[in-house]
Amino acid sequence: MNATVARLTVRGLLGRRRALLLLVLPLVLVGMAAVVRLVAGADDGTAVGLVGGFGLGTIVPLVALLAGTGSIGPEIDDGSIVYLLSKPISRFTILVSKLATAVVVALGFGALPVGAAMLVLAQSPGALVVPYLVGAAAACTAYAALFLCLAVVTRNAVIVGLLYAIVWETTVAGFVPGAQNLSVRQWSLGLTEAMLGADADRFGVAAAVAASTGGALLAVLTVAATYYGARRLETLPLTSAE
Amino acid sequence: MSTVVIDQVSRWFGNVVAVNDVSMTIGPGVTGLLGPNGAGKSTLIAMMAGFLAPSAGSVTIDGEPTWRNEQIYRRLGLVPEREGMYDVVTGRELVLANARLHLLPDPESAAARAVATVDMEAAQDREISTYSKGMKQRIKMATALVHDPSVLLLDEPFNGMDPRQRLHLMELLHRMADDGRTVLFSSHILEEVEQLAGSIEVMVAGRHAASGDFREIRRLMTERPHQYTIRSSDDRALAAALIAHGSTSGVELREAALHVRAADRAAFVHVLPLLARHHDVRLYEVAPADESLESVFSYLVER
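Chains as they are written, first to last, in my numbering: chain C, 836 to 1077; chain H, 1198 to 1500.
It is possible that part of the hints are untrue.
Here are the simulated EDC-like cross-link-like pairs (lysine to aspartate or glutamate), alpha carbons at most 20 Å apart as the crow flies [what the hints assert, rightly or not]:
{"#": "1", "chain 1": "H", "residue 1": "Lys1333", "chain 2": "C", "residue 2": "Asp912"}
{"#": "2", "chain 1": "H", "residue 1": "Lys1330", "chain 2": "H", "residue 2": "Glu1368"}
{"#": "3", "chain 1": "H", "residue 1": "Lys1333", "chain 2": "C", "residue 2": "Asp913"}
{"#": "4", "chain 1": "H", "residue 1": "Lys1330", "chain 2": "H", "residue 2": "Glu1305"}
Residues from chain C that keep clear of chain H, each with C-beta distances beyond 10 Å, as calculated [stated by the list, open to error]:
{"#": "5", "residue": "Leu860"}
{"#": "6", "residue": "Gly914"}
{"#": "7", "residue": "Leu919"}
{"#": "8", "residue": "Gly961"}
Label pairs and their in silico Cβ distance ranges [to be verified]:
{"#": "9", "chain 1": "C", "residue 1": "Asn1016", "chain 2": "H", "residue 2": "Asn1356", "range": "49 to 55 Å"}
{"#": "10", "chain 1": "H", "residue 1": "Arg1372", "chain 2": "C", "residue 2": "Arg990", "range": "37 to 43 Å"}
{"#": "11", "chain 1": "H", "residue 1": "Glu1324", "chain 2": "C", "residue 2": "Ala1054", "range": "38 to 44 Å"}
FYI, nobody ran anything at the bench for these hints, they're computed from the structure. Each residue gets a CB set at the ideal place from its N, CA and C atoms; glycine is no exception.
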């Protein structure tokens, strides 16, 4: 972990225009929760539907996509990554520092708003907020690692990541039962379901995988993406003539 | 004192060979890496800087490989050609961040020293996005110097600079060399290299074409035969007259024009109109064939 790398990454993430998007996405989620509450009143079923569906399914992956790709992609694009790579710091340290930054940003703009939206809309927030917060936090971490790795591997990380988030997580995994076993959203929902315990059925929360499987797969994905991203960063070809 | 050794290095991208079996040794002082655009200079510098693996051969600094060896950056400073920098920070902040990234014991004073070296104290607290090209170049220079490296690599540092900035950078590079550093910069402009570099390495089309001090390179370039393309009322008669004269080493009739290789340019230019009038040939067009740097360089390669 290198504090200077993290600091520069934060400046890059929040200093650019995409910081606005990072702010808008959570506002949309919490705003929607507030509007629904004003119109229809607090309700656990609606909260699980909105926060679990739109929050975990759309806002969290999008925020993690912005944070994960944004913490290294623009630097690779404009060549300023040279200033980090031409230093006696291992590429692994650089990647982990960037990942830590991306995770913190994703937690702040993705996971916390999920908890906040649940707090606003749920009738029994005491039971729902923490499990959803934990699920969203786990998803943010895994997504950030995945999308950061993707940004090292390809210049089109945002598009590839969007396709994954929309096509795979939302559509394929929504309709094809088998595909749900390979969905970050389902893995993290497994954690949420386990934390809800006996209440899960009552709230209508059913993940495709068990918490142990989901947690293990999230951990494996995070570690593997970090390791592979660092390896690719070690051999990232940089030429000024392109 | 450090020495960069490039030993039989090649680099290809798919089917394209960017650097072709280049060997050179770069020692203390200023070395110019001269060559037309696309000659493989940037690729070679990227390999020296450890940002690209040689497809064959090795690049070492004082015996240590540069590829996948981040410790090499303790003695290596790099000024990239690309403009990309952390625009949202100030010049001083960027130099300071670089000092910290080098894990220097006293980053604050190292940064202040580097900023002073490039004469950017007045603008150091402005955001980099507000800098002119020359100021950006100087801040890049400061980030490369902040850890006092013994080897400094600069990729096309004079691109887009005005004459005053150019002069300033040249002074700075001379000072670096006087301190015993190994300074290498690339350029596609002969005059830049001429003014600055103690020794010159010429690259053309991925190959190491020539090496030496400036006078040698200049001699190689001016002594080469000059090519002219001539159109006239009677190319064949003119060709016969020219080849009979000592200033011409070769003539060729091709594509409805006369192509002449002049061994002695001054004599050729003087005698051409005289010969034409004498043989009653009307000259329609006399054009020096491609005099671009590329053709000068490729002459060096063909030798």
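Results of checking the hints against the structure:
1. A threshold of 20 Å between alpha carbons decides the hint, and for lysine 1333/H with aspartate 912/C the separation of about 18 Å falls inside it, so the pair holds.
2. Proposed proximity of lysine 1330/H and glutamate 1368/H is supported: the alpha carbons are some 18 Å apart, at most 20 Å.
3. Annotation: proposed proximity of lysine 1333/H to aspartate 913/C holds, straight-line Cα distance about 14 Å (limit 20 Å).
4. Of the pairs offered as hints, the one joining lysine 1330/H and glutamate 1305/H is violated, with about 25 Å between alpha carbons and a cut-off of 20 Å exceeded.
5. At roughly 21 Å from the closest C-beta of chain H, the C-beta of leucine 860/C stays outside 10 Å, upholding its exclusion from the interface.
6. Not every CB of chain H is more than 10 Å from the CB of glycine 914/C (nearest about 4 Å), against its label as outside the interface.
7. Its beta-carbon lying about 7 Å from the closest one in chain H, leucine 919/C breaks the requirement of being farther than 10 Å from that chain.
8. The claim that glycine 961/C lies off the interface holds: its Cβ sits roughly 42 Å from the closest Cβ of chain H, which is beyond the 10 Å cut-off.
9. Taking 49 to 55 Å as the suggested C-beta distance range, the pair asparagine 1016/C and asparagine 1356/H conforms, at roughly 54 Å.
10. Between arginine 1372/H and arginine 990/C the Cβ separation comes to about 39 Å, which falls inside the hinted range of 37 to 43 Å.
11. In this structure, glutamate 1324/H and alanine 1054/C meet the distance hint of 38 to 44 Å, their C-beta atoms being roughly 41 Å apart.
Hints 4, 6, 7 from the earlier list are contradicted by this structure; the remaining hints agree with it.
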